[in-house]
Amino acid sequence: MVIFNSYATNYQRVKSTITKARPNLKLHGVPQDVYRFHQQLLETSPFLRYVKHFDRWLSESPYQASIAVGALLCGGLCSWNGPKLWELIVITCFSLSAVWLVRFEAERRQLAPNWLAEILLMAVTGCTVALSVHSGFEGSQVLIGSVLGFLAAVYCGVANLTQAAGFLHGMTLTWYLTGSAFGVWVFTAWRQPLLATLAPLSGSYLVVVGLGFLMAKGFHSSLLPRHDEPWSSAALVLLGPLGLHSLPWHGACALLAASLHRCRRQIFAVLVLVAYVILVALGALVAGLDCKSDGKRSDGTDCPQALAVPGKWQWQLLGCSLWAVLAAWSGYRQLSALKNAPRRSGRYMPVDEDILESQVPPAATRLPQPDPYVTRLPQGYGPQMYQPGGLYKYDVPKEPAEYCGKDRFHSDYVSDKSSALLGVLPVVHRASGQNDIEITKLSWFQSPKYQDFFTFLDSVGGFWLYRWGDHAVRTIAIALFLDPTKLMRMRVPYGHQNTCRCGDENVEQVCVRSSSFDWWRCIHQAEVKDLPAGSIVATGDVETVKEEILFGES
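Numbering (the numbering used here), first residue to last: 9 to 562.
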């Protein structure tokens, strides 16, 4: 009963501290409140009753090998790509927890008349919870962060805080709530970098424990767990003498590693990630050098229990060494993937039809921008301002190739040589080239590539365009997937609000508009003399992207 006993130990620390406290501290009532809080949580909380039952099952279950295999598979997935599979892992864990809870209550209260009804009840509960967590996944992250932060605060410095609570009323409760709030912030604002460190650390741990436990069933060695002990006991040894109380230290290493990664210190981040694991392994090494195989020193005294689990320093040394190596490799790999992910620019990428003033031919008339409907302030093609589930600004990458993301979408459909258009699409001032596309082959826009592209945009928060239509979406999709040779130049005169092109193939036509508030249009040069006074005439293209950029030199 690893989890329950660990919390019970914490509770006994509080009880011992209150008993030994000065009498005048009891007058303040704060230590007694802390004691009463832990007592109620330990003795009457239904949550801990469930945890106690699960912990007993984990220790006494006859399916220890199956538990080890499940831990091995889960750890392997986390070690390979934990951040990408995080949502699936969370949904699965919530569903299985709900199924186990329903089964526990159904057996305890005899809610189901037979085994078929019990299975049906469990299935409906699991599906309902899975759907609800999937629908409100970001809310579940707030709960997970809050619970983990609270537990970390409970496991850290409880006995010492009760001493301070006698002088600062409410200090202990404030500490718990601060830890809970900190967990919420971490699991919203820092989720991706933290998962890139926590997933390798926890996944490697499960892999090593699972492999060691399964190997111990066939090979009896002091370097492996005892073949007759449960999986949970073998797992607890690798946490060192502190047991579950070491988890906050591992979490602190993961958080610090995520911070170092954000500062572009990847090697240091990996070293910090496995620092506590290495420390536990070194403790086992020192204990092994100082002690005999029977757990005694040469002078007959007991081995120091602060360095290694008594009688199990060999498994602690080997397991932690393998854990550190695997976690370092997996952490470096996942942090590298995070490093190569889209660089955040801090601004939105403007998408403007009235684009590239620098490309207006010198002979063209340069005009102010009087159109009140064209917004020059932050406008964007990209996700919403806030990343789904995040409380921080989700910045758009510098170009569409990065925006599509190699991890989720880019690697499935787009190669670096997919389209020449993609490399020149973002041109000047972070403006993305777009044009009015006439769809001549509907089947291409109905293809899986284009549909998955649209689905991907929705999955990262959708897109926002300051005007109607989805010109930018179509343009970038064409740049990503369509062979440039399949693009057809219309070569027709085109006039718009602030853009106009008559084209080199229509040399007899010019761009005109009656005033700066009217739309451009193309007319024959012979008709210029009939224009009203004050009309504006421009030769060449006005504020449009040169076709050589879109189609290359012809």
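Treat the hints as calculated values from the structure; they're not laboratory data.
Everything numeric in this text was worked out from a predicted model, so none of it was measured.
Keep in mind that the hints are not guaranteed to be accurate.
What the hints assert, rightly or not - Pairwise CB distance ranges, derived in the manner of DEER restraints:
no.: 1; residue 1: MET223; residue 2: LEU450; range: 54 to 64 Å
no.: 2; residue 1: LEU139; residue 2: VAL333; range: 32 to 42 Å
no.: 3; residue 1: ASN122; residue 2: GLU146; range: 35 to 45 Å
no.: 4; residue 1: GLU95; residue 2: LEU181; range: 31 to 41 Å
no.: 5; residue 1: ARG341; residue 2: HIS253; range: 36 to 46 Å
no.: 6; residue 1: PHE276; residue 2: GLY78; range: 32 to 42 Å
no.: 7; residue 1: TRP88; residue 2: SER140; range: 41 to 51 Å
no.: 8; residue 1: ILE286; residue 2: LEU181; range: 29 to 39 Å
no.: 9; residue 1: LEU139; residue 2: GLN454; range: 25 to 35 Å
What the hints assert, rightly or not - Straight-line C-alpha distance at most 25 Å; calculated SDA-like pairs for lysine to any residue:
no.: 10; residue 1: LYS60; residue 2: PRO256
no.: 11; residue 1: LYS537; residue 2: SER524
no.: 12; residue 1: LYS457; residue 2: ASP491
C-beta: ideal position from N, C-alpha, C; glycine also.
Right, here's what the structure says about each hint:
no.	hint	in the structure
1	MET223 / LEU450: 54 to 64 Å	59 Å, holds
2	LEU139 / VAL333: 32 to 42 Å	40 Å, holds
3	ASN122 / GLU146: 35 to 45 Å	39 Å, holds
4	GLU95 / LEU181: 31 to 41 Å	33 Å, holds
5	ARG341 / HIS253: 36 to 46 Å	29 Å, violated
6	PHE276 / GLY78: 32 to 42 Å	34 Å, holds
7	TRP88 / SER140: 41 to 51 Å	28 Å, violated
8	ILE286 / LEU181: 29 to 39 Å	35 Å, holds
9	LEU139 / GLN454: 25 to 35 Å	29 Å, holds
10	LYS60 / PRO256	21 Å, holds
11	LYS537 / SER524	19 Å, holds
12	LYS457 / ASP491	13 Å, holds
Hint compliance for this structure: hints 5 and 7 are broken, all remaining hints hold.
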